[in-house]
Amino acid sequence: MLPLIAGLGLFMLGMKLLEDAVGALAGLPLRRFLRTHASTPSRGLVIGAAATAVLQSSTLVSLLVLAFVGAGIMQLSGAVGVIMGANLGTTLTTWLVASLGFKLDLAAPAMAFIGVGGVGFALLRRASRVRDVAGLLLGIGLLLYGLDLMKSGVEDWAAGFDVVPFAGWSLVMMALLGMAVTGAIQSSTAAMMIALGAVHGGLVDLPSAAAFAAGTGVGTTFTALLGALGGSADKKRVAATHLGFNLFKAVLALLLLYPLLALLARVPGLEDPLLRLAAFHTTTNLLGIALVLPFAGRLALWLGRHFRSDGGHINHYLQAAGDEVPEAGLEAVRREVARALGMTIAMNRETLRVPVDPDSAWSDPGEVRGRNARRDFDERYRRLKRLEGEIVEYVARLQLQEVTPSVGSGLSAQLDAMRMAVSSAKALKDIRSNLVELRLALRAPVDARLEEFEASAAALYRDIDRLGPEQPEPVLVEAVSALRSRVRETRDGALTRLYREASRESIDEETLSTLLNVNRAIYLSAQSLLRALGRHLLAPEIAGVVEDAVAD
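Here this note's numbering is used: the first residue of the sequence shown is 1, the next is one more, and so on.
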């Protein structure tokens with residue numbers, strides 16, 4: 001049991017490292033290649049088949065697709081094709097097993113990947129493309145080794161597996177058995193070896209082995225489903241495609257089992273039942289692809305509608321308000337922008353290590369304690385951007401109605417606030433890697449500057465917590481103006497201290513450049529957030545006066 005648990009942990013860690021590395025390495029050449037060569041289901045089919053034939057692992061190809069889709073590099077329509085191609089690519093392994101007794105060993109390549117990737121990842125502390133490549137290799141190695149450990153956890157059971165008691169089972173039961181065996185040992189190749197060995201030894205007849213083989217495709221989906229747990233909606237769509245296609249293919253194989261085996265028996269060169277079983281495996285994959293591929297585009301659209309994050313919409317109020325009454329629409333937009341500000345403040349606090357105050361006027365319970373708080377930063381930022389898009393589309397529909405000047409200016413102000421909130425979050429998003437690098441430097445002058453940044457941010461967000469629509473407008477005007485002035489003074493003071501440290505040569509030039517970039521990003525983020533709060537809380541004409549009075 002312990003190897004199974006350890007394998008699961010290594011598998012999840014490898015999947016995380018793999019996805020992080022894929023996202024970091026997704027430069028223009030890689031993006032262009034994937035868009036060009038996996039931009040359609042048919043091209044994805046070819047890539048999936050070729051990659052699986054070379055890598056000899058449909059599981060690894062499926063997990064790579066999950067990583068690419070999760071990183072936003074590969075489109076869902078292309079991923080559908082790759083998944084189908086991966087199923088076809090596994091048939092090469094089946095032919096090799098049937099004819100040559102080939103058996104895949106994950107441990108040896110895993111050790112090589114872990115050795116090379118682990119050394120590079122440990123020695124290269126600074127973020128670089130070489131370190132990202134090392135992380136990619138380490139992720140693949142841990143993933144493969146985790147799968148190997150999971151297989152070894154049930155090795156005794158699989159090695160001593162006796163198919164004789166199941167010889168009289170129905171075809172459906174044999175298919176379920178094939179699915180269970182493959183899911184347990186995490187290898188369709190090993191499962192097919194059980195079927196081939198049983199046929200070769202005369203333990204089961206060919207139809208029973210063919211039904212067993214039909215179920216192995218479904219068993220291979222378990223790792224992809226595991227890799228999609230807690231992931232984005234796109235990753236869940238890919239996993240659903242993997243499962244759905246293999247279920248369809250299994251049902252098709254069972255329906256056509258007897259006539260297809262009879263047809264294959266007449267093909268010259270397939271007199272050997274082992275080769276006939278391999279041919280059955282290949283033919284059912286080809287039939288499944290031929291029937292599904294023409295509808296791959298529609299399948300991607302259907303998956304997009306049925307696997308949306310949080311029920312399909314980020315907003316809470318726009319759908320209920322409708323777009324018939326502009327005044328009601330303005331209030332709904334105002335409430336959504338308030339949510340967006342709460343999301344931004346929560347993300348900014350996390351980046352700057354400022355504890356979240358659950359009693360703050362800007363604390364959304366869902367962002368602080370609920371499901372959203374458990375999402376990673378990039379997923380929450382994507383949700384913020386999606387909310388911005390939904391608000392923009394909603395306001396565009398509202399403005400098709402006849403709106404009064406006050407409603408029109410109010411909508412424009414809220415759109416400005418939304419845009420500034422996103423800008424605030426993005427400014428800090430762009431320096432998250434810089435902050436990690438600086439925190440790992442473990443140097444006193446750098447630590448002092450970081451503590452200064454965090455202390456000033458904590459003071460700022462404590463004051464922001466006190467701002468709210470219940471306060472009189474003159475109080476809000478004074479508070480926002482004072483905070484914007486203070487933020488500018490904080491930036492200038494930090495600049496002075498940074499240059500003083502540089503003159504003493506206690507901070508090297510590269511670190512100084514990074515600290516200056518961080519200081520600037522924190523300043524821009526704070527100013528954008530305060531401008532967003534002003535646009536959201538104050539009357540449009542008052543907010544404009546405040547912005548003009550306090551220069552950036």
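For the record, the hints were derived by calculation from the structure and aren't laboratory data.
Worth double-checking, as some hints may not be accurate.
[To be verified] Calculated cross-link-like contacts (lysine-lysine; reagent style PhoX-like; alpha-carbon spacing at most 25 Å): (1) K429 - K16; (2) K385 - K16; (3) K426 - K16; (4) K385 - K426; (5) K429 - K385.
Note that the structure is predicted; figures quoted are calculated from it, not measured.
Checked hints:
1. K429 - K16: Cα-Cα ~19 Å, so holds.
2. K385 - K16: Distance of about 23 Å is within 25 Å: holds.
3. K426 - K16: Holds, at roughly 23 Å.
4. K385 - K426: Status holds; Cα separation ~10 Å.
5. K429 - K385: Cα-Cα ~13 Å, so holds.
Violated hints: none; the structure is consistent with every hint.
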